[in-house]
Amino acid sequence: MVMCCPAGTRLAEVNALAGEQQLRFPLVVDPAATLAEHLAAVEYASASARFGPFVDNVLGMNWRVPCGRLVRIGERVIKSATGYDLNKFLLHSDGRYGNAVDLVLRLRRRGGEAVRCILRGAHPAIERARISLLRSPWIHWIDVVDLVVTAGEPAFLYLAADCGRGDVAAFDDYFRQLSAASGTQLEATEALDYSLPKLSLKTVITAAPPLAGELVREHGGQARVLCASGVVHYLPPRNLPLLPEPTLRRLELQCLEQGGHSYGPWSPRRDAVAQESAWATTLESAWNHL
Amino acid sequence: MPPAERLREVMPTGMILTSPAQLASYESDALGFKRFRPDAVVIPGCAAELIGVVRLLKDQAVPFTLRGAGTSLSGGPVAAQGGVVVHTSRLRRIEKISPTEMYALVECGVVLQQLDQALQPHGLYYPPDPSSAPSATLGGNVATNAGGAHCLRYGVTSNYVLGVEAVLLDGSVVTFGGPAGGRGPYRDDWKRLMVGSEGTLAAFTRLWLRLIPQPAKVWTFRATFLGIEAVSAAITHLATHVSCPAAIELMDPRSVAMVENSPMAVGLPAERFMLLAEIDGPAPLVDHRVDAVAAILRECGSDDVAFSDEPDIRAALWKARKAQGGLLGQISPDFLVQDAVIPKSQLAEILQFIYDEADRSGIPVATVIHAGDGNLHPNFLFDSRRPADVAAVEGLSKRLMRRVMEVGGTLSGEHGIGNDKAMYMEEFVGPAGVAMQMAIPRAFNPRHQLNPEKIFPERHFASP
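Chains A and B supply the protein sequences, listed in that same order.
Residue numbers for the first sequence, in my numbering: 1 to 290.
Residue numbers for the second sequence, in my numbering: 1001 to 1464.
Among the hints, erroneous ones may be present.
Unchecked claim - To be clear about the criterion: a stretch of chain B counts as covered by chain A if any three or more of its residues have a C-beta under 8 Å from a C-beta of chain A, and this derived list gives those stretches:
id: 1; segment: 1249-1263
id: 2; segment: 1267-1276
What the hints assert, rightly or not - Covered stretches of chain A, going by a simulated chain B footprint (3 or more residues, C-beta under 8 Å):
id: 3; segment: 24-30
id: 4; segment: 67-80
id: 5; segment: 88-97
id: 6; segment: 142-152
id: 7; segment: 157-169
id: 8; segment: 244-255
To be verified - Quick partial rundown of chain A residues pointing at chain B, CB under 8 Å, derived from the structure:
id: 9; residue: LEU17
id: 10; residue: ILE205
id: 11; residue: PRO237
Calculated directly from the structure, the hints in this document are not laboratory data.
All of these numbers come straight from a predicted model, not from anything done at the bench.
We treat Cβ as the ideally placed atom computed from N, Cα and C, and that holds for glycine.
Go ahead and model the full structure; you've got the sequences and the hints to work with.
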């Protein structure tokens, strides 16, 4: 259940090929974007709720180091404790140590059916639903638990599960129960269109929703909270070319305090701290002269 | 002044061991037959003492090795080059369990089972479950990226490490990540290199571990099969089934015979493979999948499928698998367990290869397999007092590893490389891969003072 493909492959192509074997690569933000574009913009996708971040789903790669040499990194099997985990270290290193040329993706079974819904309601009701779901064993089976916060609109919870035909009724029942218990209104929905965010913030689970609310309240646009991962994906309004640097620094600091960070095209440039600079220089000098 | 004497300046009385009788139990890990006696063992009782010990040993220019419970199976936490073993099992405080943020903060010497018990009242779950869970420390689990039977569905240790606090060789205490599981103040994600680094980069003091809700309902299935083709088909069908089994475990007929010829016998038929599978989830989801899973096992050729969601019966179904490891030590003076991972499609071919090679070498072998992810554990039984046995087992291992590489597999799935598999690393990663990998200890531990001669044989400590 693995697929090797060039980093320039679009996710839609990946899943078209995988689908022929009743398989899928679930970590998709924008099907029209390539794997390389995903890796540069995000570390998590909605389906990370169930399958973890990209680093847990990219098993290996052919990696081109800056000197031009191609090196095989990682594995073609789904489990490894062989040597230092360069694969996870390099995957989101933003070109500092080279670039992925080909990737080995871990595929998952395609259930064949999709159950999707939106839960709407007042903020406390949405929070009840979100918290209840995160603490429920159902969380292991639900692909998407996203809080969608859009300027000028009430926030809502978007839930989706890929499942077998025989499971649809169980998911429908659970979503109805969740809605009733939390006091939210349930709506059926098609898949929501997403595009790659300009900014991604990684923090603790409870800090992500307020961070998303703050971003949208102050700057407009849309923020999506990947609730199980503690991640906020921010899509700015069309007329916002960039968030002010102090804002980006402040947002990042809020994440750093919890051992998180910011990521993506708008993430403020971060220089290596003194100690880190020495480690990075050691790696660069070794890897540039292979 | 000898290191042990200097250590007495920073450590309480009784926490430095130097007598031969005391050192004997630190000569090996659970691999057993490769023995290296340390010059001293020091047992810090808190992070501050551990930090003091690391700083002192660094200045003493002696090699030293971190060790948790010593349950490793790869020759990792042993003093391969002499020096000092730093035993971390007294750092066993669970500092925090956060049900709202879904993480635990633990000291490195916390035992996995201790954490599991502490999580029960919160309804939380830390999935990695190596068979040494009753005694293995979480620091050791993180150092080796431990797995276990249920990592097929839930993932291995690296999927659950949010942060690592570590003492580096320059004496600094750093935090990579934290409750949020990101990079913290660093530009790069150094935590990723720490996990699975086998004690060669830093001494871990505390760990932030991600938690998930406990599965609501669990069903265990046990079935036996006459041939490898039939059981391979069952594994393939189960691994792609909508129930996404949490575990698919396989015991070969030789392992089954070993259990059935012991006081732990459970009545399994002779000459058969035994397959265990476990599915879990919310009751409305998992209960209606039970018949489909049983049907797969029957359709693939099993005529004795047993299954249950009752805890006592489930424990009975697991009994043979759980007993297997302990029996190895009773029937053979030594055993060497390999840990390769192969594509599942190669299972039948590699298993036959193991039988053919072991039989040709006159070495008994009993194999258990985390079959869902292709992680093989052939246990070669031998007597290390007989040089011919040792040579035969080493030759067998070498041929197996080479075959594993040829079919696209990897050397270790969950035990780490240690000194047992270090000799295969260059062949596996190639010269450029060695250069890429060796740059990492060069950044953190350039003289290989921490845990020398592990992962790569050229990691040899030379005092300045």
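A quick look at each hint next to the structure:
1. Counting residues of the segment 1249-1263 of chain B whose beta carbon lies closer than 8 Å to any beta carbon of chain A gives 0, which falls short of the minimum of three for the stated coverage.
2. Residue count for the segment 1267-1276 of chain B with a Cβ under 8 Å from a Cβ of chain A: 0. That is fewer than the three needed, and the coverage hint is violated.
3. Only when three residues or more bring their CB closer than 8 Å to a CB of chain B does the claim for the segment 24-30 of chain A stand; here the count is 0, and the claim is violated.
4. Against chain B, the segment 67-80 of chain A contributes 10 residues with a C-beta closer than 8 Å to a partner C-beta. That satisfies the three-residue criterion, and the hint holds.
5. Only residues whose beta carbon comes within less than 8 Å of a beta carbon in chain B count, and the segment 88-97 of chain A has 5; three or more means the coverage holds.
6. Under the rule that three or more residues need a Cβ within less than 8 Å of chain B, the assignment of the segment 142-152 of chain A is violated, with 0 such residues.
7. For the segment 157-169 of chain A, the proposed coverage by chain B is satisfied: 4 residues have a C-beta within less than 8 Å of a C-beta in that chain, meeting the threshold of three.
8. Residues of the segment 244-255 of chain A lying with their CB closer than 8 Å to a CB of chain B number 1, which falls below the three-residue condition for coverage.
9. A cut of 8 Å between beta carbons decides the hint on LEU17/A: the least distance to chain B is about 16 Å, and the hint is violated.
10. For ILE205/A, the interface hint holds, the least distance from its beta-carbon to any beta-carbon of chain B being 5 Å, beneath 8 Å.
11. For PRO237/A, the interface hint is violated, the least distance from its beta-carbon to any beta-carbon of chain B being 26 Å, above 8 Å.
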